[in-house]
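Residue numbers (numbering that gives the first Met the number 0), protein chains in the order written: chain A, 0 to 91; chain B, 0 to 500.
Hints are supplied without guarantee of correctness; some may be wrong.
Stated by the list, open to error - Heads up, incomplete: computed chain A residues facing chain B, CB under 8 Å, no partners named: (1) 12; (2) 22; (3) 25; (4) 40; (5) 43; (6) 54; (7) 57.
Hint data in this document are derived by calculation from the structure and do not stem from the laboratory. The model shown is predicted, which means the values in this text are computed figures rather than measured ones. Even for Gly, the Cβ is constructed at its ideal location relative to N, Cα and C.
Next come the chains, spelled out residue by residue.
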Amino acid sequence: MAQHTRRTTELLTPTRVLVGVLLALPFLGTLWVSSYSRVEPRLGGFPFFYWYQFLWIFLSAILTTCAFVLVQRERRGQQHRTPQPRRKGGAR
Amino acid sequence: MTWFLLGGDLYTAYTFVAVPAVMFASGAQGFFAVPYTIIVYPLVFLFLPRLWSVSHRRGYVTPADFVRARFDSRGLALAVALTGILATMPYIALQLVGIQAVFEVMGLGGSGNILVADAPLFLAFAVLAAYTYSSGLRAPALIAFVKDALIYLVIAVAIIYIPTKLGGWSGIFDAAGEKFAAADDAAGRPEGFSFVGLGQAWPYATLALGSAMALFMYPHAVTAVLSAKNRSVPRRNAAILPAYSFLLALLALTGFMAIAAGINPVGLNGKPNAQLSVPMLFEAMFPSWFAGVAFAAIAIGALVPAAIMSIAAANLWTRNVYKAFLKPDASHAEEARQSKLVSLLVKFGALIFVLGLDKSFAINLQLLGGIWILQTFPSVVFGLYTRWFHRWGLFAGWAVGMAYGTWTAYNITNPVTGTQHFGGSTADIPLIGEKGYVAFTAWVLNVLVTVAVTVVLRALKVAEGVDQTSPDDYHADAGEPGVRDAPLPQPGGKAGSPAEA
Numbered sequence: 000m001a002q003h004t005r006r007t008t009e010l011l012t013p014t015r016v017l018v019g020v021l022l023a024l025p026f027l028g029t030l031w032v033s034s035y036s037r038v039e040p041r042l043g044g045f046p047f048f049y050w051y052q053f054l055w056i057f058l059s060a061i062l063t064t065c066a067f068v069l070v071q072r073e074r075r076g077q078q079h080r081t082p083q084p085r086r087k088g089g090a091r
Numbered sequence: 000m001t002w003f004l005l006g007g008d009l010y011t012a013y014t015f016v017a018v019p020a021v022m023f024a025s026g027a028q029g030f031f032a033v034p035y036t037i038i039v040y041p042l043v044f045l046f047l048p049r050l051w052s053v054s055h056r057r058g059y060v061t062p063a064d065f066v067r068a069r070f071d072s073r074g075l076a077l078a079v080a081l082t083g084i085l086a087t088m089p090y091i092a093l094q095l096v097g098i099q100a101v102f103e104v105m106g107l108g109g110s111g112n113i114l115v116a117d118a119p120l121f122l123a124f125a126v127l128a129a130y131t132y133s134s135g136l137r138a139p140a141l142i143a144f145v146k147d148a149l150i151y152l153v154i155a156v157a158i159i160y161i162p163t164k165l166g167g168w169s170g171i172f173d174a175a176g177e178k179f180a181a182a183d184d185a186a187g188r189p190e191g192f193s194f195v196g197l198g199q200a201w202p203y204a205t206l207a208l209g210s211a212m213a214l215f216m217y218p219h220a221v222t223a224v225l226s227a228k229n230r231s232v233p234r235r236n237a238a239i240l241p242a243y244s245f246l247l248a249l250l251a252l253t254g255f256m257a258i259a260a261g262i263n264p265v266g267l268n269g270k271p272n273a274q275l276s277v278p279m280l281f282e283a284m285f286p287s288w289f290a291g292v293a294f295a296a297i298a299i300g301a302l303v304p305a306a307i308m309s310i311a312a313a314n315l316w317t318r319n320v321y322k323a324f325l326k327p328d329a330s331h332a333e334e335a336r337q338s339k340l341v342s343l344l345v346k347f348g349a350l351i352f353v354l355g356l357d358k359s360f361a362i363n364l365q366l367l368g369g370i371w372i373l374q375t376f377p378s379v380v381f382g383l384y385t386r387w388f389h390r391w392g393l394f395a396g397w398a399v400g401m402a403y404g405t406w407t408a409y410n411i412t413n414p415v416t417g418t419q420h421f422g423g424s425t426a427d428i429p430l431i432g433e434k435g436y437v438a439f440t441a442w443v444l445n446v447l448v449t450v451a452v453t454v455v456l457r458a459l460k461v462a463e464g465v466d467q468t469s470p471d472d473y474h475a476d477a478g479e480p481g482v483r484d485a486p487l488p489q490p491g492g493k494a495g496s497p498a499e500a
């Protein structure tokens with residue numbers, strides 16, 4: 000039971016703030032359209048408008064992965080989990 | 000498997016036909032699909048694990064299940080379920096238009112009476128109906144492998160081979176730039192309006208954000224998420240899925256390739272139809288045998304998602320309307336019969352959307368679905384985090400959002416095609432004076448009404464019902480006490496869902 004109560008004690012940990020920032024960046028980068036709606040500088044024939052958004056696909060992937068790792072680490076740190084019973088069957 | 004199904008949901012006629020069609024005809028505006036899929040990932044990260052946990056702890060299979068238990072409101076759950084069924088129909092309609100486009104380029108149909116003219120559409124409908132009626136959810140799961148292999152092959156060939164024949168990416172962008180510079184000039188718009196979205200920030204951003212928020216409200220998307228093995232799977236997927244965005248972005252640019260290749264997409268009825276631009280591009284660029292492969296990829300790529308969507312909508316009906324309201328003691332056989340019947344009815348609904356609405360931009364069908372489904376967002380997503388909102392506040396917000404969204408969309412005209420109603424998906428945002436995606440405007444109104452009514456009802460101490468979930472439920476993971484595997488409809492498996500019987 001202890002692991003359940005410990006998990007939700009604190010709402011705003013430094014990790015969570017950082018995760019929030021990491022997850023907010025893709026919104027800022029892609030939804031602030033007037034910051035990138037132009038042709039120059041081109042890259043390999045692609046106008047800025049297009050390659051900038053291609054770039055954000057990868058940035059978003061990296062940022063989301065970082066957020067995932069941070070959350071997993073915090074979760075593991077909080078739990079000190081006892082070995083869980085293995086889930087039987089159903090895996091595919 | 001979730002990764003697989005989600006990918007399967009992203010590569011639909013939306014990606015292959017609808018988005019490139021907008022790129023072909025209107026330019027940069029169609030590229031909003033890229034930021035849309037980009038911001039899906041942080042959104043997924045934020046709320047899907049919570050939805051997974053509470054659903055597996057409490058045995059919820061649909062968003063309506065969750066809403067009913069969380070807010071102790073059958074009315075709100077019914078609203079969520081019916082919205083899901085309604086919003087799925089135009090999304091399926093988009094798939095029908097995609098299949099229809101392929102059939103038309105292959106030479107089916109003509110300009111005669113309605114039966115001949117719409118033969119490709121009726122054929123598309125018949126194939127879809129036969130496909131799901133006979134085998135349920137098993138069919139999509141089995142064919143999904145074939146579908147993905149075909150799609151990857153076609154995408155790879157299209158984005159590598161076609162540019163070499165059109166003077167590289169520079170040649171493609173130059174051709175598109177020229178076309179849109181001339182169009183903007185003629186229409187008195189600033190240069191760059193069509194080519195790089197200059198001055199279109201509001202519609203572009205609201206279309207992307209509204210679409211992203213709407214994606215995981217669709218019943219079929221929720222089914223896919225809940226079939227994940229543990230609560231981290233959706234999150235891990237969020238990190239993998241950008242590969243899909245990358246290919247989607249390249250596919251969007253096939254619209255520009257069609258411009259560079261000088262494609263003139265005129266249908267068999269003699270009217271221009273931008274939806275035909277990519278199938279026609281494939282026909283012009285590829286040797287005929289590979290064009291055939293590409294057509295098959297597009298058609299299957301529309302068929303499989305359409306099947307998954309109609310089955311998910313049918314399950315929503317059976318579980319949250321039929322069993323919850325009409326016949327609580329229904330037998331398994333009765334449920335299965337309902338599912339099959341409604342799955343068919345949903346497809347008929349989709350057909351009506353295709354026949355009744357302006358098809359000059361198929362993407363508007365999907366965006367219309369988005370207007371409706373997004374109105375369930377506050378009940379589901381806010382509900383995952385807080386119980387502060389009052390059930391009748393959420394209901395009032397939903398009702399206002401639906402009414403405003405539908406009415407506004409109904410009144411959108413399209414002067415180019417002479418369409419009087421449902422001619423587009425963006426309209427003036429009140430107070431801001433810019434154009435924006437109607438779904439988003441309606442959603443903001445929805446939230447404002449929800450908050451206002453909640454404050455009033457709380458002040459009046461109106462009963463708020465009993466929350467059947469506990470705070471712990473939102474963090475539970477597979478293997479922990481009380482977390483169940485069943486009765487989720489596992490893709491390819493037989494668990495739970497009557498439609499698979």
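Going down the list of hints, with the structure as the test:
1. 12: Given a least distance of 14 Å, the restraint on residue 12/A is violated.
2. 22: 4 Å, holds
3. 25: 5 Å, holds
4. 40: At about 12 Å, which exceeds the 8 Å cut-off, the nearest Cβ of chain B leaves the hint on residue 40/A violated.
5. 43: Since the shortest Cβ distance to chain B is 6 Å, the answer is holds.
6. 54: 10 Å, violated
7. 57: 7 Å, holds
Checked against the numbered hints given earlier, this structure breaks hints 1, 4, 6; the rest are met.
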